[in-house]
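Q: Listed below, chain by chain, are the residues.
Protein chains: 2
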Amino acid sequence: MQGIDAYKQLIEKEITELKIKDEPSGLYSPITYLLGLGGKRMRPILSMMSAELFGGNPKEALNSGLAIELFHNFSLIHDDIMDNAPLRRGYPTVHTKWSEKTGILSGDALFVVAYHYLAQNTVTYLNTLLHTFSVRVMEVCEGQQMDMDFETRDDVSIDEYIEMIRLKTSVLLGAALEMGAIVADASRDDVQRIYSFGENVGIAFQLQDDILDLYADPDKFGKQVGGDILANKKTFLLLKAFELADNDQQKKLQELSEEVDEQMKVEETRKIFDQLGVRELARIEMERHYALALESMELVTASVEKKKPLLKVAEYLMNREV
Amino acid sequence: MQGIDAYKQLIEKEITELKIKDEPSGLYSPITYLLGLGGKRMRPILSMMSAELFGGNPKEALNSGLAIELFHNFSLIHDDIMDNAPLRRGYPTVHTKWSEKTGILSGDALFVVAYHYLAQNTVTYLNTLLHTFSVRVMEVCEGQQMDMDFETRDDVSIDEYIEMIRLKTSVLLGAALEMGAIVADASRDDVQRIYSFGENVGIAFQLQDDILDLYADPDKFGKQVGGDILANKKTFLLLKAFELADNDQQKKLQELSEEVDEQMKVEETRKIFDQLGVRELARIEMERHYALALESMELVTASVEKKKPLLKVAEYLMNREV
Chain R
1 MQGIDAYKQL IEKEITELKI KDEPSGLYSP ITYLLGLGGK RMRPILSMMS
51 AELFGGNPKE ALNSGLAIEL FHNFSLIHDD IMDNAPLRRG YPTVHTKWSE
101 KTGILSGDAL FVVAYHYLAQ NTVTYLNTLL HTFSVRVMEV CEGQQMDMDF
151 ETRDDVSIDE YIEMIRLKTS VLLGAALEMG AIVADASRDD VQRIYSFGEN
201 VGIAFQLQDD ILDLYADPDK FGKQVGGDIL ANKKTFLLLK AFELADNDQQ
251 KKLQELSEEV DEQMKVEETR KIFDQLGVRE LARIEMERHY ALALESMELV
301 TASVEKKKPL LKVAEYLMNR EV
Chain H
1 MQGIDAYKQL IEKEITELKI KDEPSGLYSP ITYLLGLGGK RMRPILSMMS
51 AELFGGNPKE ALNSGLAIEL FHNFSLIHDD IMDNAPLRRG YPTVHTKWSE
101 KTGILSGDAL FVVAYHYLAQ NTVTYLNTLL HTFSVRVMEV CEGQQMDMDF
151 ETRDDVSIDE YIEMIRLKTS VLLGAALEMG AIVADASRDD VQRIYSFGEN
201 VGIAFQLQDD ILDLYADPDK FGKQVGGDIL ANKKTFLLLK AFELADNDQQ
251 KKLQELSEEV DEQMKVEETR KIFDQLGVRE LARIEMERHY ALALESMELV
301 TASVEKKKPL LKVAEYLMNR EV
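Same order as they appear, the protein sequences are chains R and H.
Using my numbering, you'd call the opening residue of the first sequence number 1 and step up by one each time.
Using my numbering, you'd call the opening residue of the second sequence number 1 and step up by one each time.
Everything labelled a hint here was simulated from the structure, so no lab data went into it.
All the given hints hold, so there is nothing to weed out.
Straight-line C-alpha distance at most 30 Å; calculated DSS-like pairs for lysine-lysine:
| id | chain 1 | residue 1 | chain 2 | residue 2 |
| --- | --- | --- | --- | --- |
| 1 | R | Lys234 | H | Lys97 |
| 2 | H | Lys21 | R | Lys234 |
| 3 | H | Lys307 | H | Lys8 |
| 4 | H | Lys233 | R | Lys97 |
| 5 | H | Lys234 | R | Lys21 |
| 6 | R | Lys97 | H | Lys234 |
| 7 | R | Lys233 | H | Lys97 |
Predicted model, so just to flag it, every value in this text is computed and none were measured.
Bound-form chain R, shown alone (with noise of 0.2 Å):
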């Protein structure tokens, strides 16, 4: 995938060259320390990706691209602050190495710098670029606030699950095929089909980081195996166990979220989930969204040859062991 590489050269050097100001530096030091904190550029990829899919050039959706990006550390910023996390990529968060404000403020100025790259777009495609990226990270949003309503309730259910992935992760990778869609002037329907394809490789990752996050190769997996279940987040694996335990489950499952043995706590989980099956529950749901995908892409109005590059990525995420 050779073609993937130079994108990314391409993407770090745009974010690179952002001209991000000095001063004030509390504003603008933490956007350059965030975006220099590097990522896979997974949304700028594919955005460029869906343009050559359709016949553009690849560097017209760069400015669609890039908005998707910061928007998408933009949200990172605020998100952190909600979640109390106190990292990110392995360094301290915005608002942990400077202050909750600053965290507020300066992503509210990357959120600026998105809208400002969406603007550089010639003017033929910025009224559908512009509603399309509005549409799609108000999505994001609510997203968001279902994640933080999840919390402090007791009675989410799958649908509602499978809901609140599709807008908080995977609206963004749908909006990224999308953009490049628009700017390589597909049509209508083709532009609704690869960002459809996109939403349910994203939904169908999602599912499968559920999955990594208790069955990884520990070897291989980097960080900490059981990290959902010891911070009692409502995954998939869990809900569904929730939904499917008999009276005794329940309680144990109950009991399990106040354990503070960590290694017991998760194992304890773990026999519960392997037996109501949960793990190949969600491989099942997963797959039914990657099929979805894959018909999706079908249907794309475009040759076998040029929509390989793409189905990689999506084979890629899926069969990836971390």
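Got chain R sorted already, so can you dock chain H onto it with the hints?
A: Just chain H now, with coordinates in the frame of chain R:
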């Protein structure tokens, strides 16, 4: 000023009919709440008046004006968190009524709505409007950062203070006029002139605010006279006093900053202000910016008759007692 009332009605109608969704309510109800607290809607009124000044249709400035008004409200939500403010327009601030998390996220969502309104403009002016809006709202972020930086600094100069209020308050008044001029197809010079008019009126307005906070008629003022002194706020008056004070007065001002007897703190500080004549100096600085505003308006290519309504607004703002 019948026109202004008509504009305000139109603006209120738009704000009431804003298509804010219901769910998730944690995200959207704080927005409805804040917008429902009212406000003078000065910024969108200025946009409409500016469009009319330049022979445009005031209604065509509505979307830009609303974008500015919504951004202003967004910034109030986030600023209130950063400033730990309990009340806004006499009612609990969003983060007090809900939570900081809610304030951060629903603020973000309101920012998206602001850009959404901006994007409703016809494609002819869209690029210019987007660019102007992004530049101006970034300046507002810079102003808020400077204001926060000032809290922990003891070497803030008068020039820095004027720059801070320019960015934090005045730029947005200028931007409202500027964007009204853009949609009315005013010349580039006139756009710059009307912006400068608004910016200088804004600075004069803020200096008037500093003066009124201490010297207003308590019966008319509606809030505690001397609030800035009690909060040790670095206003023009205080900064100028420190600049002019002799050693004894400096020492006294330092001591007063820690005085707990509120009445004594206000009275004794005012005594030093009066000895140093800082009220008069603030008035002179205010008049200077008002004169600059009038000079800019003088240069605007429009009849004296057409300029009258905006000049009346400026005059009203300068001569207010509350």
